[in-house]
Each structure stands twice: as structure tokens, then as C-alpha cells.
Amino acid sequence: MAQHDSTYKPGSRLEHWMDERLPIMRMMHGQFVDFPTPRNLNYLWTFGGILSFCLAVQIVTGIVLAMHYIPTADMAFDSVERIRRDVNYGWLIRNVHAVGASMFFFAVYIHIARGLYYGSYKAPREVLWILGVLLFLLMMATGFLGYTLPWGQMSFWGVTVITNLFSSLDAIVPGLGTKIVTWLWGGFSVSSVTLNRFFSLHYLLPFVIAGVVVLHIWALHVVGQNNPTGLDIKTKADSVPMAPYAVMKDLFGLGVFVLLFAWFVFFAPDYLGHADNYVPANPLVTPPHIVPEWYFLPFYAILRAIPSKLGGVVAMFSAIVVLVFIPWLDTSRVRSARYRPLYKWFLWFFFFSVLALGYLGGKPAEGVYVAWAQFFTAYYFAFFLLIMPIVGVMETPSAMPRSIAESVLGGSGQPAGATSAPEKR
Amino acid sequence: MTTLTSGMKRLAVFALAVVSTPFVAYAAGEAIHIDRQKWNFAGFSGRFDQNQLQRGFQVYKDACAQCHGISRVYFRNLVQPGGPVFNEDAVKGLAATYQIQDGPNDDGKMFKRPGRLSDRVPPPYANEQEARSVHNGAYPPDLSLITKARGVEYQGSLFAHPFHILKDMVGGYQEGGADYVYALLTGYAQAPADFKLADGMQYNKAFPGHQISMPPPLSEGAIKYQDGTPATVDQMARDVVAFLHWAGDPKQDERKRMGFLVLVYLGFTALLLYGAKRRIWAKAH
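If you read the sequences in order, they're chains V and S.
Per my numbering, the first sequence runs over residues 1 to 425.
Per my numbering, the second sequence runs over residues 1 to 285.
If you're looking for bench data, these hints aren't it; they were derived computationally from the structure.
Glycine is no exception: its CB is placed at the ideal position from the N, C-alpha and C atoms.
Where hints are given, some of them may not hold.
[Claimed, not checked] To be clear about the criterion: a stretch of chain V counts as covered by chain S if any three or more of its residues have a C-beta under 8 Å from a C-beta of chain S, and this derived list gives those stretches:
id: 1; region: 34-48
id: 2; region: 162-169
id: 3; region: 275-287
[Unchecked claim] Derived pair list, reagent style SDA-like, types lysine to any residue, alpha-carbon separation capped at 20 Å:
id: 4; chain 1: S; residue 1: K283; chain 2: V; residue 2: E81
id: 5; chain 1: S; residue 1: K256; chain 2: V; residue 2: Y43
id: 6; chain 1: S; residue 1: K167; chain 2: V; residue 2: N42
[Said to hold, decoys possible] Chain V regions said to be covered by chain S (calculated; three or more residues, Cβ under 8 Å):
id: 7; region: 211-217
id: 8; region: 265-271
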């Protein structure tokens, strides 16, 4: 799709001059104004734009917070409190950043689920998808690092638990895991040194994310967007120009999302966090339940479902890494689950499993909770490793429309006033 | 990978054993039920009641301050809008009753001076060690953030959970800590006959483990409210919880006021965007 010609026409002499030297306006016009987007995109497709918005919000608020935050074990908690109480609108900036992290993950989970449902990972979008998995990983790292910075009890014990996971490598090479943990901590315990380096990395990673986002969008604009039918754009009637159509739809989607965002920022800023993080970090007191932020709970449940430490760590990381391979694990020729009568049900149960794992991750790892976590973990992996390849071969897809235009407009696939097709504007 | 295969075996056994059990609320420790209270500062339209905050500060000062600090609160906060808004001269006078260490002066000596509005409310003990030595090893925590630092865990089944979450999100439930502190302050009772209470401990229905070293801080009529409100334990507990909630979130009223305007503005914007979207897409369908 990127191969379509930009209809950019430089107006002024300055624009001509620039266009002959660095045709950036031509590129932007081609990629973000007259770029053809499928005409049947639903609101689930607005989450790409929403995620870009989230990243921008986190970077801007984060830069301001870093002006007031002090990354030392003695001062971190107090400096956050100073931000909440004494910095002008500090409470607002801090709430936006803290709630923003949750909103970012909320949006990314919808974005990923959309990709899974409509088969957006399938050829020719494999690289696009893998870049997405990489972004997800980077987001998780950034979110985790950021949660340590207030240096409350959950921050401290979260770092302790998660960094200690690497010590499970001792089971493979004795001493290796311990060595890595010491190296991560910058000492023999989680300390001010650890906090300081986590702050540094927390400031670095968002810019890495921004870079990979550029690649993600680039890859998207080479192959074009998928759509609810999973069909390719074949004729001009299948698409509408990005501006104003997709842009306007994105803006409205964003508008609703920001409303939700604002509700949490102003009326429930602590709802998504944990009360224990308002207790300053204390290495001598372990909180009764160490629970990560809600967006890590499904993976936390997988970690604890496996009764061996190394096995749990391997399972947890595999749960994300397996996503890299699904373009090849899914054997169906049909992209969209809409036309996959059998697979659809397995997929919905997969979504349910992830939510159930999220619930179980927040519960103590004992008794019936562990058993259920094991059941859903087993399904999580079976879905990718068994169901995707097998159902794809077995299943007979249901009848599909012949084109994107037909799916929206019905019959001939011609827009209402067919003589003046909108894409010729 | 023996661990993995044994894990799989255990998994199979467990799956068989539990596949018929419904998701039930289950926890190893006893889950203590904390009643939700009606707070006038809760939810979308809730704001602090200035009179209640003033009463609450009085309770704090008379019943809590001997052992618990509120060291994140400055005297100036007590006169600022959105709080108890005491008379400024009265708070200056109150601050001046404290001796604050300052310095070093030009001779390099530390010295004491009367407190000012810009000082923190001084904590009762110099440090944790001193507090513990006075209290038989127990440490009365600083209360500046106490209602934020406590919460109420909801113990629900998987299927009830989403509805519960949704209800709390829509209601903007932020008062778990306040509910808990209220339950603690009013939760002192006679220990059940079979309960083994350690020396110097009190029985409390809300406290985890039910053994707390803090003696009941409130008793009927222990305080004479300046505004004549009858000083029942329930009244004092409510007032001091309101005050502590404010101490943990002094910007709450400002936040909610701004939030209301922001939501109206964004809601209107979203409507406009929707209208624009409809018009643009009308041509494409």
C-alpha cells in the first residue's frame, strides 16, 4: 500500500524548494492523508492511534515528573508525596502518569485482541506483528521499572520478587542466576543503587518504544491495514483515504477513550493501584500479598501455576515469546475469525482464559486457585501450539463476502452515490 | 525437565479434581469483612466538610497525636482551601506552641525556635527507635497517608468479580482505607473466650489477626467538641477518619472540581467529534 503515489502538490515556492531537497511533506501526505484505509474498519481499529496518544502522554508527563522526582531510596517516596501535595498541579501530572500506564495497557490488550480476532498477524503482516510483540515486551519492562520508582512497599517487593526470578537460572548453571541478580541490583540487595538505575532505564525505554513504534507504523504502511473481513484491498471501492475518514473515526474513538482516562485521573486515581504502595519501602517487612499491577496479573498467574521456579519463569516468558510464532502456527488460509465458525469459539475461550488468569494472579497461590491457574495456563499454550495449527487445517470456513466493499455496502459494492466515489476527492 | 512432567501430571490430577468445583471465594487466612460507610467526601460529588475536618483535627490532636505523627502535613495546610480552613492566626498560635529545631546559626549551633506555618506538624517521637522503646516494641505509624495505605480486599468469585470491579469503577470507590480505619477505631471488643490474647494486646475485630497493641483511642465523651457536637465514639471515629483522609489527599476537592469541568468539556468534545464523523462518513456509505 505504501507504493501508492502521494497526491501531494507543493503549493508555495518554499514547499517546492523543500520538496526537491527533503520530500518529508510528500511522505507525510502520502502516509497519513491520502493513504488508502479499508472502508470497513470498526472502532477496534482506533486503538493504534490511541496507543500513540498514550505513549505521548506518558513521555510528556514523565519528563515533567522527572524534574521533581529524586531517585534515591531515602528521597523517592517523599519526593512523590511532594509532587502530590506541593508541586503546582503535581497531583494532576502524577495521576495522569500513573493512570496513564494502566490506560496504556488497557488499550494495548484491546489492540492485541483485535489482531488475534481478525488475524492481523498473518501474511503479509508477520513483521508488523513481531514488532508489536517487541513493543509489548518493552512496554512491560517500562511499566515494571516505572512501578518501582515511588519506592513504596509494592515497588520494593515487586522488584525483589521479579529480579529474583533470574536466580532460577542457578538450576541450569550454578551461580549464573545469582550473578545476574547481583548485577541487576548493583549490589547484594535491592537498594538505592537499584532504584537509581531503574530510573535511568525507565527514562530510556520509552524512547526505544517510540523508535520501534516508527518501525511498526512503517511496516503497517507497507502492507496496509487488515480489516474485519480479513480481505485485501483489491479495488478503489474497498478503501477510503485516511484523511478525513479514518482520522475522524480515530479522533472520535480517542475522544471516548480520553473520557474514560479522565474519569480515573480525577475520580478514582488510586483504584488501579495498590494501597501498600502508599507505605514507604521497608526491606524488613514483607507485605502479606505481593501482587503486581493488574496488567501483569495473567502472566503472574502463569508464573505461579508451575510448581518449579525455573519452570514458572520459562512458562511466563514463553507466554509472550510464543506470540512471535503465531503467524506460522495458525494454518488457516482465512484471516478473520468472523469466517471461522469453529476457531471462533476456541478464541473466545482463550480470551476468557486470559481474564481468568488475571483474576487468579490476584489471588494467593494456594489450593484451588493454583489448580485453576494450571488449567488455564495449559489452555493458553494449547491454544497457540495445538488449536491454532490443527483447527486451521480441519475447519471449513463459512461464506465470505467477495470484497471489502461488498461487506459494507452489500450487493454490487458500490457506494450510494456511485458516480461520485469519495476516494476521488 | 522432570519438574515440568511432574507438573503436568499434577496438573492433570488437579484438573480432574477441581473441574467440577465452581469458582468460590477462598482464602487461607480469614477474610475480615469491613463494612462500607457513607462518607460525604466519597464519590463523584463528595467534598470534604470543613466543620468535620476541624472536628477531626481536634480528635487527632487530643486522641492520636501523643503517639502518631502526621508529618507530611504542614501547619500551612490547615489554613488552605479544601481543608479544615482554620483561622490563620489560630494556626500560627498553635504552631508557635511547638519548639522546632533549626540551624545551624552563624555560630554553627543548632537552636530551637517556635514553629511557623511553613513547618511540618512535628511528630511525637524523634525516630522509630524512640517510639518503639516507649511503646513496648510497637511502632505507631505516621498517619499522613493512613487511609491511602490501607485498603479493603474484595473476596469474590471469578464471576462476581467483574461486576464488583465495574460497580467500584463507575462509583469511583476510593474509600477502602477510610472504611478500614473507621472499622478499626470502632472495632474494639471483648475477645472471644477461646481467643488467646498476648500480654498487653487488645482485641480488635477489624485488625488483621485481631491483636493490636494500640489501646482503644476513643471513648465516649473524652473530647468536648468546640461546636457542641456530641462526642460519641462513632462521631469521633468518623470525624478523625475524614481528617486523615484529607491529610492523605489534601487536593481532593480541587481534583474533583476540576474533574467535573474536564468531563463536561471532554464529553462535549466527544459529541462534536461524533457529529463530525457522522457527516464525513455519510458520503461513504
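To see whether the hints hold, each was checked on the structure:
1. Here's how the region 34-48 of chain V fares: 1 of its residues keep a CB closer than 8 Å to some CB of chain S, so the rule of at least three is not met and the hint is violated.
2. Figure legend: the region 162-169 of chain V, annotated as covered by chain S; annotation inconsistent (0 residues with Cβ-Cβ distances under 8 Å, at least 3 required).
3. Under the rule that three or more residues need a Cβ within less than 8 Å of chain S, the assignment of the region 275-287 of chain V holds, with 4 such residues.
4. For the hint linking K283 of chain S to E81 of chain V, the alpha-carbon distance of about 53 Å lies beyond 20 Å, and the restraint is violated.
5. A distance of roughly 30 Å separates the Cα atoms of K256 of chain S and Y43 of chain V; the hinted pair therefore is violated under the 20 Å criterion.
6. A hinted pair counts as satisfied when its Cα atoms are at most 20 Å apart, and K167 of chain S with N42 of chain V does not qualify at roughly 28 Å.
7. Remark: the region 211-217 of chain V is not confirmed as covered by chain S, as 0 of its residues place a Cβ nearer than 8 Å to a Cβ of that chain, below the required three.
8. Counting residues of the region 265-271 of chain V whose CB falls under 8 Å from any CB of chain S gives 7; the rule of at least 3 is met.
Checked against the numbered hints above, the structure breaks hints 1, 2, 4, 5, 6, 7 and satisfies the rest.
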